[in-house]
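Asker: One letter stands for each residue in the lines below.
2 protein chains.
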Amino acid sequence: MTTDPPWKAIAQRKQSERLSRIPKEWLLPSLPPASVHDVRSIPRRSGILTAQELAITEDYDATSLASAIRARSLTAEAVARAFCKRAAIAQQLCNCLTEIFFTEALAHARELDREYAQTGRTRGPLHGVPVSLKDTFRVKGYDASIGIASLAEQPARENALLVDILLRAGAVLYCKTGVPQTLMALDSQSNLFGRVLNPRDRRVTAGGSSGGEGALIAMRGSVLGVGTDVGGSIRIPAMCGGLYGIKPSAQRVPFVGQESGTREGGSKIGLPASAGPIATSVRDCELFLQVVSSARPWEQDPSVAYGFWEEQGGVQEKPLLGVIRRDGLIEPLPPVSKVLDETVQALRKAGVEVIEIDAPAFKRCQSLANKFFGIDGNNFMLDLLEKTGEPLTDWLSTRLRRGPQISLPSLIDIHARKTELETEMLKIWKDPKTGRTIDAILCPVAPHPVPPIDRWNGVSYTSSFVLLDYPAGTLPVRDVTAADLLAELPPDSKPLNSWDKVNRGLWDPNTIDRDLYRNTKLSVQVVAPKLQERRLVRAMQLVDDVLRGRVSRIAKL
Amino acid sequence: MTTDPPWKAIAQRKQSERLSRIPKEWLLPSLPPASVHDVRSIPRRSGILTAQELAITEDYDATSLASAIRARSLTAEAVARAFCKRAAIAQQLCNCLTEIFFTEALAHARELDREYAQTGRTRGPLHGVPVSLKDTFRVKGYDASIGIASLAEQPARENALLVDILLRAGAVLYCKTGVPQTLMALDSQSNLFGRVLNPRDRRVTAGGSSGGEGALIAMRGSVLGVGTDVGGSIRIPAMCGGLYGIKPSAQRVPFVGQESGTREGGSKIGLPASAGPIATSVRDCELFLQVVSSARPWEQDPSVAYGFWEEQGGVQEKPLLGVIRRDGLIEPLPPVSKVLDETVQALRKAGVEVIEIDAPAFKRCQSLANKFFGIDGNNFMLDLLEKTGEPLTDWLSTRLRRGPQISLPSLIDIHARKTELETEMLKIWKDPKTGRTIDAILCPVAPHPVPPIDRWNGVSYTSSFVLLDYPAGTLPVRDVTAADLLAELPPDSKPLNSWDKVNRGLWDPNTIDRDLYRNTKLSVQVVAPKLQERRLVRAMQLVDDVLRGRVSRIAKL
Chain A
1 MTTDPPWKAI AQRKQSERLS RIPKEWLLPS LPPASVHDVR SIPRRSGILT
51 AQELAITEDY DATSLASAIR ARSLTAEAVA RAFCKRAAIA QQLCNCLTEI
101 FFTEALAHAR ELDREYAQTG RTRGPLHGVP VSLKDTFRVK GYDASIGIAS
151 LAEQPARENA LLVDILLRAG AVLYCKTGVP QTLMALDSQS NLFGRVLNPR
201 DRRVTAGGSS GGEGALIAMR GSVLGVGTDV GGSIRIPAMC GGLYGIKPSA
251 QRVPFVGQES GTREGGSKIG LPASAGPIAT SVRDCELFLQ VVSSARPWEQ
301 DPSVAYGFWE EQGGVQEKPL LGVIRRDGLI EPLPPVSKVL DETVQALRKA
351 GVEVIEIDAP AFKRCQSLAN KFFGIDGNNF MLDLLEKTGE PLTDWLSTRL
401 RRGPQISLPS LIDIHARKTE LETEMLKIWK DPKTGRTIDA ILCPVAPHPV
451 PPIDRWNGVS YTSSFVLLDY PAGTLPVRDV TAADLLAELP PDSKPLNSWD
501 KVNRGLWDPN TIDRDLYRNT KLSVQVVAPK LQERRLVRAM QLVDDVLRGR
551 VSRIAKL
Chain B
1 MTTDPPWKAI AQRKQSERLS RIPKEWLLPS LPPASVHDVR SIPRRSGILT
51 AQELAITEDY DATSLASAIR ARSLTAEAVA RAFCKRAAIA QQLCNCLTEI
101 FFTEALAHAR ELDREYAQTG RTRGPLHGVP VSLKDTFRVK GYDASIGIAS
151 LAEQPARENA LLVDILLRAG AVLYCKTGVP QTLMALDSQS NLFGRVLNPR
201 DRRVTAGGSS GGEGALIAMR GSVLGVGTDV GGSIRIPAMC GGLYGIKPSA
251 QRVPFVGQES GTREGGSKIG LPASAGPIAT SVRDCELFLQ VVSSARPWEQ
301 DPSVAYGFWE EQGGVQEKPL LGVIRRDGLI EPLPPVSKVL DETVQALRKA
351 GVEVIEIDAP AFKRCQSLAN KFFGIDGNNF MLDLLEKTGE PLTDWLSTRL
401 RRGPQISLPS LIDIHARKTE LETEMLKIWK DPKTGRTIDA ILCPVAPHPV
451 PPIDRWNGVS YTSSFVLLDY PAGTLPVRDV TAADLLAELP PDSKPLNSWD
501 KVNRGLWDPN TIDRDLYRNT KLSVQVVAPK LQERRLVRAM QLVDDVLRGR
551 VSRIAKL
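In order, the protein sequences belong to chains A and B. Using the UniProt record's numbering, read the first sequence as starting at 1 and increasing by one per residue. Using the UniProt record's numbering, read the second sequence as starting at 1 and increasing by one per residue.
Note that these hints are calculated values from the structure, not bench results. Glycine included, each C-beta is placed from N, C-alpha and C at the ideal position. Among the clues, some could well be false.
The following label-pair restraints were derived from C-beta to C-beta distances [as the list claims (entries may be wrong)]:
id : chain 1 : residue 1 : chain 2 : residue 2 : range
1  : A       : Pro495    : B       : Phe308    : 40 to 48 Å
2  : A       : Ser67     : B       : Arg348    : 56 to 64 Å
3  : A       : Ser367    : B       : Arg417    : 25 to 33 Å
4  : A       : Val551    : B       : Thr423    : 40 to 48 Å
5  : B       : Ser67     : A       : Ser367    : 51 to 59 Å
6  : B       : Thr3      : A       : Arg399    : 54 to 62 Å
7  : B       : Glu420    : A       : Asn370    : 51 to 59 Å
8  : B       : Arg417    : A       : Lys494    : 49 to 57 Å
Covered stretches of chain B (in silico footprint by chain A; criterion: 3 or more residues with CB under 8 Å from a CB of chain A, positions within the stretch not fixed) [what the hints assert, rightly or not]:
id : region
9  : 131 to 143
10 : 266 to 279
11 : 293 to 305
12 : 493 to 504
13 : 526 to 535
Could you build all of it, start to finish, from the sequences and the hints given here?
Answerer: See the structure below:
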């Protein structure tokens, strides 16, 4: 007779505790069969949310919710209840939550309402706005287990700094969201909590590592979430959810107080991750970044650079954008190229100049980023798993191995190569013909549309901007159409390399049913120079306004 | 018969070439004997400088020189000739130069004059202002040998970025200045060029590693110099020269294109050095920093953080300063404590609030900084010396040894400890009683006055702010007086440790002739939080104004 390894009991306890934290009356009477792919309309039909709660969760972004609460047309409590209910349903359909604290959230919201009624003053710009958090953020009293059994059942003794900043701004925290085991995968699956599913289509990936955020917000179970990104982990799930997501430069948003499953101090010699927003509008991303900077986080976290929001750049009066159509490593599939081109054409039609950028160094970024990711040979993380006899998930088991630590001369060498590449890449911010400054650059988020579960292929378009530490955001453009699915790769083209070959497999009718893409959204990525988050947001707003027809034509200067 | 090791011939050639670059008519007919300690007045008596040239070199700072040239009351050529002459004399008396390019400087100045006459436009805010450079900065066509024979006779193929920025702003470059062999000493002595002497008193140290700058500017052979600092190497020679010097945060001023004698990329995992100004006024330090930031260096050097001058902080309308009187490692000698207290009293008398800061973590900074300095076991540098059979200087020979490289886990560990210490030290920027923000902190530059040659003791007061990456500046207060020399340490006090014991030896009449301090100036250090250089400059200006009686009493709010 064999005994089960300890992780199994931990996972069972965690999952049943999670379920117990959903009030009975918020449980769906029956779950839809797996054949129901798009589950986004189920909350509307569930009868669990009132008409007002449906409106609260569907008709607002965080900015307008905050306004409505400030104008007393909504209470914080009503808003919190609506999102708790909808998050509860999202959990049942997409398995996107890890820690649930609805009861505390409702009590906190009532307290905010009482305080506002008594003092006439809101606590801050997020007064009453529910904010969801990636599982990595420590919230006092709750686990930050990042999908690893040995880190579970160890409630945090204090809040991460960002959590305190959000609370001081008036946010209502009510849940934490699912991640991949170890955080080092692009599908958010763990032995501890299972797999996060994409509510747009449960057959395609919800992305990762902030996959729970992407799924929850796509279900409108959250209006504003916080993720982290060290290879694409905000931008990828934002794309999967058809949402807006920004990875700031690493020194911008306080990261301290998160569980990362790595040796303390390790990020200082490698590539530091960034925390940032996932939301349903550009202005909500701006609201988040503004709240963070006005909290002067550099006074509490020494890894944050000084700089208020107004000191984080902007776009020129007559904006100039660039477009990078391919990274030279993986050729974008037809709909990805198409939506990028449509965006460029829409901008040009609106009077925004967009120039083609030649960035030969771009293709060298990914392999160097990979060298940084492997610095410690994954031993710290794998030791954590061994503690409870926990196996790697299937996807990770063929990818994550113990390796030797990098040697000091090699470490120094990859830093020198990084500086060299950073220097080379700085050239992309000038029009080589005229020397004019390019405000922001458009490029794909990924070389493929949102793929089936466990088939995300290649992160070169996202991780390169982690290596370069550029702020970068995902901007949804439009749904995939039937026409998109008919486009073919150039008939005589050959794969550039093994990554490109796998990527082509995501379009080849022999290896994929293209119809799987039908419920997904196509997105573009917008990128700005390091530590210029306001410049990025201004550029994203411009692109978004043009795409949504909010500006017909940019005024000529 | 033994052959001389190659370094000897290199040193001979370098020194005779250097001499050959001084025009005959600028050579002093005879050199003063060693018994002449203070050589500052010799240029005035030499007959080499005209009355106008004496005025140019003695009556202006860089800001007023730039104004005079802009107003056409001085030509760039006249200014350049005056400073070339005076630098030539400084070299003869203090051995402070390494590379000399007077001829090119004069031609460049004439070109600037011609251009200004023709176009009516100055090239930039430094139009015609001579700027001297530490030997580390690569200037096309000249060596950057950092006092190591094997790096000599290898003229740079391009300018360091900062050199180009200065040139674009209109500066006239005319010489590079002496450093210690390897840069890792506090007296600027090398086999290649000999020892830099302090013109205030040739028996006391000129400091290092930017010792040539300090000596040259103290001789008024330069009005504005650029040094670098990774342990005190700007602030220490500034103190030795009785000058103003600022070490910015590492990400502020472009450092790229310098010779450092270390493995490319090494600074990325250790403590990066900063480049910064040494000058005769606070406003000249500001001018330098402003010129640098308005050149948008972050567009060319990826290691520079985004941020224009106006985005680098400021002081509150009603400033609040703090004072740290001791670091807990080395007790300041009586005149150092006295001048710090005088400064505090003057500020308080002028209506500026100054509160006492308790910083228990301060004493842990130095030993951690030391761990960072030893990361590569000095092997790269010592290999450079071996190439030409060059021995270490006497001072270095007992201090610089080959050691093992640090292991990766230890490297990660010291980074984790650094973050912990940085976090702890952030507390010093708030008044613990009221929570008010402290604009800047005053503390000693060193625990002793400017000591005799090769006896600088301990850099804890300077290197701690490299570890913390705080911008920090040296501000001269007043000359040492006879009364200062009579003050005694508390009679029953005991040395805190071996450093403190050595420090006491710098005051004990049995081990030092206190009269050696008579020609030196006492200084204080002013410190601001990371990346807030403008805040530092504003605070230094406030302290300076109060000390010079430029403000009688700060307006009450």
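Asker: Evaluate each hint against the coordinates.
Answerer: Structure-based check of each hint:
no.	hint	result
1	Pro495/A <-> Phe308/B: 40 to 48 Å	holds (46 Å)
2	Ser67/A <-> Arg348/B: 56 to 64 Å	violated (48 Å)
3	Ser367/A <-> Arg417/B: 25 to 33 Å	holds (32 Å)
4	Val551/A <-> Thr423/B: 40 to 48 Å	holds (45 Å)
5	Ser67/B <-> Ser367/A: 51 to 59 Å	holds (53 Å)
6	Thr3/B <-> Arg399/A: 54 to 62 Å	holds (59 Å)
7	Glu420/B <-> Asn370/A: 51 to 59 Å	violated (29 Å)
8	Arg417/B <-> Lys494/A: 49 to 57 Å	holds (52 Å)
9	131 to 143	violated (count 0)
10	266 to 279	holds (count 3)
11	293 to 305	holds (count 7)
12	493 to 504	violated (count 0)
13	526 to 535	holds (count 4)
Of the numbered hints given earlier, the model fails hints 2, 7, 9, 12; all others are met.
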